[in-house]
Amino acid sequence: MRHFFAALCASILAAPAFAAIPHDGALGFQPAATRIAERIHFFHNDYVLWIITAITIFVSVLLVWVMVRYNRKSNPVSRKFSHNSLIEVIWTIVPALILVAIAGLSFPNLYYQDVVPNLDKIKTESAELLADGKSAEYERYTKNYFPDAAEKGFINVKAQGNQWNWTYSYPDIVDADGVPLEFVSNAVHKGTPDDKKKYEESTGRTNYDSLPRNLAVDYPMVIPAGRYIRYYTAAADVIHSWTVPAFGVKTDAVPGRLNEGWFLVDEPGIYYGQCSELCGIDHAYMPIEVHVVPQAQFDQWAQLMLAGDYEGAYSAVQTIAAIEPSTKLAANH
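According to mature numbering (1 follows the signal peptide of the UniProt record, and there is no 0), the residues represented by the sequence shown are -19 to -1, 1 to 314, in order.
Rather than coming from a laboratory, the hints here were simulated on the basis of the structure.
Think of the CB as a built atom: it goes at the ideal place given N, C-alpha and C, for glycine as much as any other residue.
There could be a bad hint or two in this list.
Taking lysine-lysine and the DSS-like style, the derived pairs with C-alpha atoms no more than 27 Å apart in a straight line are [stated by the list, open to error]:
1) Lys61 x Lys104
2) Lys133 x Lys104
3) Lys133 x Lys102
4) Lys115 x Lys133
5) Lys124 x Lys102
6) Lys171 x Lys231
7) Lys115 x Lys139
8) Lys139 x Lys102
9) Lys124 x Lys104
10) Lys231 x Lys139
11) Lys133 x Lys231
12) Lys102 x Lys231
13) Lys231 x Lys124
14) Lys102 x Lys115
15) Lys104 x Lys115
The calculated label-pair distances, taken between Cβ atoms and stated as ranges, are [claimed, not checked]:
16) Asp190 x Trp31: 53 to 63 Å
17) Ile220 x Asp190: 31 to 41 Å
18) Asn240 x Asp158: 23 to 33 Å
19) Gly185 x Ala157: 20 to 30 Å
20) Arg186 x Asp218: 25 to 35 Å
21) Val81 x Ala7: 32 to 42 Å
22) Tyr28 x Gln284: 44 to 54 Å
23) Phe39 x Tyr291: 56 to 66 Å
Please take these sequences and the hints and turn them into a complete structure.
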């Protein structure tokens, strides 16, 4: 009965949830769910791809011209020179300028996604821009930084890679004894004939056939929409890599080292990833599933998890509630 009410509450104001999942025959990136991913897509699709295309066309034309103009039939007597200073200067300087052009845009993107934002600085700078009446500057600033989310602070999550699953810890969400919320997220599909039987027996669920193959887990990571997420990664055994393509994040989980990163997802939905570092025999069966839900639904899920009602918590985030338009962050100004 408790599971029924949890699912019923989650379905209030429910809307079709966005799901980031790979598709057979698809071309290009998954739709961007974060500003980090948007910047990566722009850098690749609207910048580097054009440079690469121009270089490829130029080299192809040059090769064809050389083959036609300087083959043995067209040029029976070969030239005797071996150097051309002008050409050597050009093919040294032009590639260097191309690399500088690429680096000029790639370095800011690397810095943006690698350095965890200073939320106090975001609040202060955005307030100053508004106070000074600099609306255009404010619009540009809030395209990459989100003062509304900064006011709410970070949601901290640790993702520890194990052979072969993930352990998720929420250090700021604790029970009455001060013990933080922590759970293990196992793959549903493990490449064995009795995967379905094991899943149904361990969880009591009957939705095995509807789950995306090699991407679904028994207990997903859950985060609230429109919040800054600061995640940490580590590993218990070998190197793993926590990767969600739609978020534009990929961070290695290294034994004995704590790496960190961040992201902010504005659109509720279910997002999938996989371990992206060869970590052993079951590397292919180490998926990542992230449910992005409204804050109230996240709070309900956390309470059920702290109470040990894992199945109730799972039911509470299976149907993702809609976010009222007034509460959405302006991530796509």
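Going through the hints against the structure:
1. For the hint pairing Lys61 with Lys104, the CA-to-CA distance comes to about 69 Å; that exceeds 27 Å, so the pair is violated.
2. Our distance criterion of 27 Å between C-alpha atoms is met by Lys133 and Lys104, whose separation comes to about 11 Å.
3. Annotation: proposed proximity of Lys133 to Lys102 holds, straight-line Cα distance about 14 Å (limit 27 Å).
4. A threshold of 27 Å between alpha carbons decides the hint, and for Lys115 with Lys133 the separation of about 24 Å falls inside it, so the pair holds.
5. Proximity of Lys124 to Lys102 is assessed by CA-CA distance (about 15 Å); at most 27 Å being required, the pair is judged to hold.
6. In summary, the hint linking Lys171 to Lys231 is supported, as the alpha carbons are separated by about 23 Å, within the 27 Å threshold.
7. Between Lys115 and Lys139 the CA atoms are separated by roughly 38 Å; this puts the pair beyond 27 Å, and the hint is violated.
8. A threshold of 27 Å between alpha carbons decides the hint, and for Lys139 with Lys102 the separation of about 24 Å falls inside it, so the pair holds.
9. In summary, the hint linking Lys124 to Lys104 is supported, as the alpha carbons are separated by about 14 Å, within the 27 Å threshold.
10. Of the pairs offered as hints, the one joining Lys231 and Lys139 holds, with about 14 Å between alpha carbons and a cut-off of 27 Å not exceeded.
11. Simply put, Lys133 and Lys231 have alpha-carbon atoms about 25 Å apart, close enough for the 27 Å limit, and the pair holds.
12. In summary, the hint linking Lys102 to Lys231 is supported, as the alpha carbons are separated by about 25 Å, within the 27 Å threshold.
13. At most 27 Å may separate the alpha-carbon atoms for a hinted pair to count; Lys231 and Lys124 meet this at roughly 22 Å.
14. The straight-line distance between the Cα atoms of Lys102 and Lys115 is roughly 17 Å, inside the 27 Å bound, and the hint therefore holds.
15. Annotation: proposed proximity of Lys104 to Lys115 holds, straight-line Cα distance about 15 Å (limit 27 Å).
16. Judged by the Cβ atoms, the range 53 to 63 Å given for Asp190 and Trp31 is violated: they are separated by roughly 44 Å.
17. At roughly 34 Å, the beta carbons of Ile220 and Asp190 sit within the given window of 31 to 41 Å.
18. Checked against the hint of 23 to 33 Å, the pair Asn240 and Asp158 passes, with Cβ atoms roughly 29 Å apart.
19. As the Cβ distance of Gly185 to Ala157 is approximately 27 Å, the hint placing it in 20 to 30 Å holds.
20. Under the hint 25 to 35 Å, the C-beta atoms of Arg186 and Asp218, about 29 Å apart, fit the expected range.
21. Restraint check, Val81 to Ala7: a C-beta distance of roughly 33 Å satisfies the suggested window 32 to 42 Å.
22. Tyr28 and Gln284 have their C-beta atoms about 45 Å apart, which keeps the hinted 44 to 54 Å range intact.
23. Distance hint check for Phe39 and Tyr291: the Cβ-Cβ separation is about 58 Å, which falls inside the suggested range of 56 to 66 Å.
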